[in-house]
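Start from the sequences and build out the full structure, keeping to the hints where you can.
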Amino acid sequence: MKNIILASGNESCGEGAIQSGCRFYAGYPITPQNELTEYMAKRIKEVGGTFIQAESEISSINMVFGASVTGALVMTSSSSPGISLKQEGISYCAGCELPAVIVNMMRGGPGLGNIASAQGDYFQATRGGGHGDYRTITLAPSSVQEMYGLMYDAFYLAVKYRTPVIVLGDSILAQMIEPLEIKKFKSIKIDKEWILDGCKNRKPRIIRSLLLKPDELENLNLRLQGRYREIEKKEIRFEADIKNGTQTLVVSFGTVSRICKAVVEDARKKGINAGWFRPITLWPFPRSFLRKISEKVKKIVVVEMNAGQMLEDIKISVEGRCAIEFYGRMGGNIPDEKQVLRLL
Amino acid sequence: MISWFPKSMKHNVTHYCAGCGHGIITRLICEAIDELNIREKTIGIAPIGCAVLAYNYWNFDTTEAAHGRVPAVAMGIKRVLPDRIVFGCQGDGDLAAIGLAEIIHCANRGENICIFFINNAVYGMTQGQMAPTTLIGQKTATTPDGRNPEDDGYPLKISEMLALLPAVAYIERTSVHNPQNVIKTKKAIKKAFQNQIEKKGFSLVEILSTCPSCWDKTPVESALWLQNELIKTFPLGVLK
Ligand SMILES: Cc1ncc(C[n+]2csc(CCOP(=O)(O)OP(=O)(O)O)c2C)c(N)n1
Ligand code: SF4
Numbered sequence: 003m004k005n006i007i008l009a010s011g012n013e014s015c016g017e018g019a020i021q022s023g024c025r026f027y028a029g030y031p032i033t034p035q036n037e038l039t040e041y042m043a044k045r046i047k048e049v050g051g052t053f054i055q056a057e058s059e060i061s062s063i064n065m066v067f068g069a070s071v072t073g074a075l076v077m078t079s080s081s082s083p084g085i086s087l088k089q090e091g092i093s094y095c096a097g098c099e100l101p102a103v104i105v106n107m108m109r110g111g112p113g114l115g116n117i118a119s120a121q122g123d124y125f126q127a128t129r130g131g132g133h134g135d136y137r138t139i140t141l142a143p144s145s146v147q148e149m150y151g152l153m154y155d156a157f158y159l160a161v162k163y164r165t166p167v168i169v170l171g172d173s174i175l176a177q178m179i180e181p182l183e184i185k186k187f188k189s190i191k192i193d194k195e196w197i198l199d200g201c202k203n204r205k206p207r208i209i210r211s212l213l214l215k216p217d218e219l220e221n222l223n224l225r226l227q228g229r230y231r232e233i234e235k236k237e238i239r240f241e242a243d244i245k246n247g248t249q250t251l252v253v254s255f256g257t258v259s260r261i262c263k264a265v266v267e268d269a270r271k272k273g274i275n276a277g278w279f280r281p282i283t284l285w286p287f288p289r290s291f292l293r294k295i296s297e298k299v300k301k302i303v304v305v306e307m308n309a310g311q312m313l314e315d316i317k318i319s320v321e322g323r324c325a326i327e328f329y330g331r332m333g334g335n336i337p338d339e340k341q342v343l344r345l346l
Numbered sequence: 116m117i118s119w120f121p122k123s124m125k126h127n128v129t130h131y132c133a134g135c136g137h138g139i140i141t142r143l144i145c146e147a148i149d150e151l152n153i154r155e156k157t158i159g160i161a162p163i164g165c166a167v168l169a170y171n172y173w174n175f176d177t178t179e180a181a182h183g184r185v186p187a188v189a190m191g192i193k194r195v196l197p198d199r200i201v202f203g204c205q206g207d208g209d210l211a212a213i214g215l216a217e218i219i220h221c222a223n224r225g226e227n228i229c230i231f232f233i234n235n236a237v238y239g240m241t242q243g244q245m246a247p248t249t250l251i252g253q254k255t256a257t258t259p260d261g262r263n264p265e266d267d268g269y270p271l272k273i274s275e276m277l278a279l280l281p282a283v284a285y286i287e288r289t290s291v292h293n294p295q296n297v298i299k300t301k302k303a304i305k306k307a308f309q310n311q312i313e314k315k316g317f318s319l320v321e322i323l324s325t326c327p328s329c330w331d332k333t334p335v336e337s338a339l340w341l342q343n344e345l346i347k348t349f350p351l352g353v354l355k
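These protein sequence lines are chains A and B, in that order.
The opening residue of the first sequence carries number 3 in this note's numbering; numbering runs sequentially from there.
The opening residue of the second sequence carries number 116 in this note's numbering; numbering runs sequentially from there.
What the hints contain is simulated information worked out from the structure, not anything from laboratory work.
Hints may contain errors.
Stated by the list, open to error - With a straight-line cut-off of 25 Å between C-alpha atoms, the simulated DSS-like cross-links for lysine-lysine are:
1. K272(B) with K305(B)
2. K272(A) with K300(A)
3. K202(A) with K314(B)
4. K314(B) with K191(A)
5. K156(B) with K194(A)
6. K202(A) with K125(B)
7. K205(A) with K156(B)
8. K299(B) with K125(B)
9. K306(B) with K202(A)
10. K202(A) with K122(B)
11. K194(A) with K125(B)
12. K4(A) with K300(A)
13. K317(A) with K235(A)
14. K340(A) with K263(A)
15. K235(A) with K298(A)
16. K47(A) with K315(B)
17. K194(A) with K205(A)
18. K202(A) with K305(B)
19. K194(A) with K162(A)
20. K301(A) with K340(A)
21. K301(B) with K156(B)
22. K205(A) with K122(B)
23. K125(B) with K215(A)
24. K305(B) with K205(A)
25. K263(A) with K191(A)
26. K202(A) with K156(B)
27. K47(A) with K191(A)
28. K47(A) with K188(A)
29. K125(B) with K156(B)
30. K202(A) with K215(A)
31. K205(A) with K125(B)
32. K125(B) with K301(B)
33. K47(A) with K194(A)
34. K305(B) with K355(B)
35. K314(B) with K47(A)
36. K188(A) with K44(A)
Just so it is clear, the structure is predicted and the values come from calculations on it, not from any experiment.
Below you can see the structure in the form of structure tokens.
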């Protein structure tokens, strides 16, 4: 029998983390992700893990850093302003090659903004966010069920590449309630070769990003960049519905893609040759696929809840091969279906 | 000739300036770890500041922490590995300025870790700017006319503040400006570790230390200034 419950995106995210083996969570309350912190407070203790309500986002990411050096599966979560505070720690995790999952249920910004849904942190998530040359794998679910499954991918990829991974949701996804099928995941094993647990029967280890000699630091950077190239090759994920003869392709991510899919269905009924495309990994971005498609379609319509951040990745992918139109809403406003339809 | 060398310490040329207290403290920590026989279950955390390179000398598992975040990193480690010995070093800039929230909340949670708080009343590594612990009237790179409480506030008494917290097990202020006090500091460091072994909770040893380079004094003058001036504002002794 299938184990199906009704859950919010926040709860699905928490349960996905638990089922993936997450045993350390530190967080700090911020709307719209409070239910996730609360879920972890209750649930992680049931499975013998650690929950800490930290004094700040800065502390919580650094607690996660500490727990990660021991080889635990670790996670923290927040929403936009809180993620800004975590950037220092995320950069340190990247520099120290530590696996960690960071969930951002985005809200409107900049500044304090509001608590409505937005996608304004795309640049911050996909470009590194903190200081230094690093990247974070960024996964963008669009449903409560997908949130659950992508949590496993997030932990799996964090461990596989020893890197911070960002799960990028938004207010709508965090708080909407949908049926969720609870599936069991395979367990994720951390390679114990690098962890700190006391130097019994082995040489002491150092986990650090401080490398004062330029050559040493360049070597770390080269190693990281090599890993990022490997991730770009192997870990692209996306979803698409492109029929032969598609003239217009609508590209969007996260919750916005649900609106776009509905519009495309509508348009097809009206005889318009439209298709849709949704990147699931925002970094690595599915560039080569879009490049190929851009040779076949006439136009790509990009819809986002920001001023055109993913748009830049699409322009880089398409390199002028077809026309691009952009429609974005900000401040917590949701793209209007009729407006999207008009662009097709 | 050094008659013995702690197993917990690596043979490395020091990066500390002549007459700096940091080197003494590093060695005392290593001696204490040896004597308690906990080297193979200890994890040390280096701060930002002159002790940032502590792992050049520590011969056990170590990691780093962002500026001020040693207590948060220590908590993360200790919560996952409660039977390991976890400690961190922090300077006065690290602990009393940027990391004030982390230290207060970690202490208030009674986290079973040790913090060695090296108070030299300046930011050493960035070359001598005012610290929260800089004395009134003390000249630094950013208080060229001396610290003026009207503009800069008063020296922050961290140990006194932390001693008020119910979950704190042990707070002592010591110094390394002369042999007698070095011996007392070693005892305090050992006691802090012993507390952790016995799961008593949060222990912090504040260690007054010299910074000849940023105090613009010779090592001997520095030891005397510590004894005659620094101790007046930061009296030694057990606070909790
Ligand atoms: C976020 C951040 N801000 C500033 C610095 C620069 N910085 C390095 S060391 C230091 C002061 C250290 O002083 P203290 O903690 O008193 O240690 P000391 O060097 O005196 O031992 C500062 C401000 C930094 N590394 N990171
Ligand atoms: S600057 Fe001061 S604290 Fe730093 S090593 Fe030199 S004497 Fe020591």
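Now for the hints, and whether the structure bears them out:
For the given pair, K272(B) sits about 23 Å from K305(B) by alpha-carbon distance, which is consistent with the 25 Å threshold. With a C-alpha separation of about 18 Å, the suggested pairing of K272(A) with K300(A) holds against the 25 Å cut-off. A C-alpha spacing of about 21 Å is found between K202(A) and K314(B), which places the hinted pair at or below 25 Å, so the restraint holds. Pair hint K314(B) plus K191(A) does not hold up; C-alpha atoms about 30 Å apart against a cutoff of 25 Å.
With a C-alpha separation of about 16 Å, the suggested pair K156(B) and K194(A) falls inside the 25 Å cut-off, and the hint holds. Of the pairs offered as hints, the one joining K202(A) and K125(B) holds, with about 17 Å between alpha carbons and a cut-off of 25 Å not exceeded. Taken as a hint, the K205(A) and K156(B) pair is honoured in the structure, with Cα atoms around 12 Å apart against an allowance of 25 Å. For the hint pairing K299(B) with K125(B), the CA-to-CA distance comes to about 24 Å; that is within 25 Å, so the pair holds.
Annotation: proposed proximity of K306(B) to K202(A) holds, straight-line Cα distance about 23 Å (limit 25 Å). For the proposed pair K202(A) and K122(B), the alpha carbon gap of about 13 Å is at most 25 Å, so the pair holds. Under the criterion of a C-alpha separation no larger than 25 Å, the hint pairing K194(A) with K125(B) is consistent with the structure, at around 24 Å. For the hint linking K4(A) to K300(A), the alpha-carbon distance of about 43 Å lies beyond 25 Å, and the restraint is violated.
Pair hint K317(A) plus K235(A) holds up; C-alpha atoms about 20 Å apart against a cutoff of 25 Å. For the hint pairing K340(A) with K263(A), the CA-to-CA distance comes to about 13 Å; that is within 25 Å, so the pair holds. Restraint check: the Cα-Cα separation between K235(A) and K298(A) comes to about 23 Å, which is no more than 25 Å; the hinted pair holds. Our distance criterion of 25 Å between C-alpha atoms is met by K47(A) and K315(B), whose separation comes to about 23 Å.
Between K194(A) and K205(A) the alpha-carbon distance is near 13 Å, which keeps this suggested pair within the 25 Å criterion. The hinted pair formed by K202(A) and K305(B) meets the criterion: a straight-line CA distance of about 21 Å does not exceed 25 Å. Between K194(A) and K162(A), the direct Cα distance comes to roughly 12 Å. Compliance with the 25 Å bound is thereby established for this hinted pair. Distance hint between K301(A) and K340(A) is fulfilled; the C-alpha atoms sit about 18 Å from each other, no more than 25 Å.
For a cut-off of 25 Å, the pair hint linking K301(B) to K156(B) stands: about 20 Å separates their Cα positions. With a C-alpha separation of about 12 Å, the suggested pair K205(A) and K122(B) falls inside the 25 Å cut-off, and the hint holds. Straight-line distance between C-alpha atoms of K125(B) and K215(A) comes to about 20 Å, which keeps the hinted pair within the 25 Å bound. Using a Cα cut-off of 25 Å, the hinted pair K305(B) and K205(A) holds, with the two alpha carbons roughly 24 Å apart.
For the hint linking K263(A) to K191(A), the alpha-carbon distance of about 37 Å lies beyond 25 Å, and the restraint is violated. The suggested pairing of K202(A) with K156(B) holds, with an alpha-carbon distance near 7 Å, which does not exceed 25 Å. At most 25 Å may separate the alpha-carbon atoms for a hinted pair to count; K47(A) and K191(A) meet this at roughly 21 Å. Distance hint between K47(A) and K188(A) is fulfilled; the C-alpha atoms sit about 21 Å from each other, no more than 25 Å.
Restraint check: the Cα-Cα separation between K125(B) and K156(B) comes to about 17 Å, which is no more than 25 Å; the hinted pair holds. Distance check on the hinted pair: K202(A) and K215(A) sit about 30 Å apart at the alpha-carbon level, beyond 25 Å; violated. Taking the CA atoms of K205(A) and K125(B), the gap is about 12 Å. The hint holds against a cut of 25 Å. Distance check on the hinted pair: K125(B) and K301(B) sit about 19 Å apart at the alpha-carbon level, within 25 Å; holds.
Between the alpha carbons of K47(A) and K194(A) the distance comes to roughly 24 Å, so the proposed pair stays at or under 25 Å and holds. Taken as a hint, the K305(B) and K355(B) pair is honoured in the structure, with Cα atoms around 16 Å apart against an allowance of 25 Å. Restraint check for K314(B) and K47(A): satisfied, since their Cα atoms lie roughly 21 Å apart, inside the 25 Å limit. A distance of roughly 23 Å separates the Cα atoms of K188(A) and K44(A); the hinted pair therefore holds under the 25 Å criterion.
Checked against the numbered hints above, the structure violates hints 4, 12, 25, 30; every other hint is satisfied.
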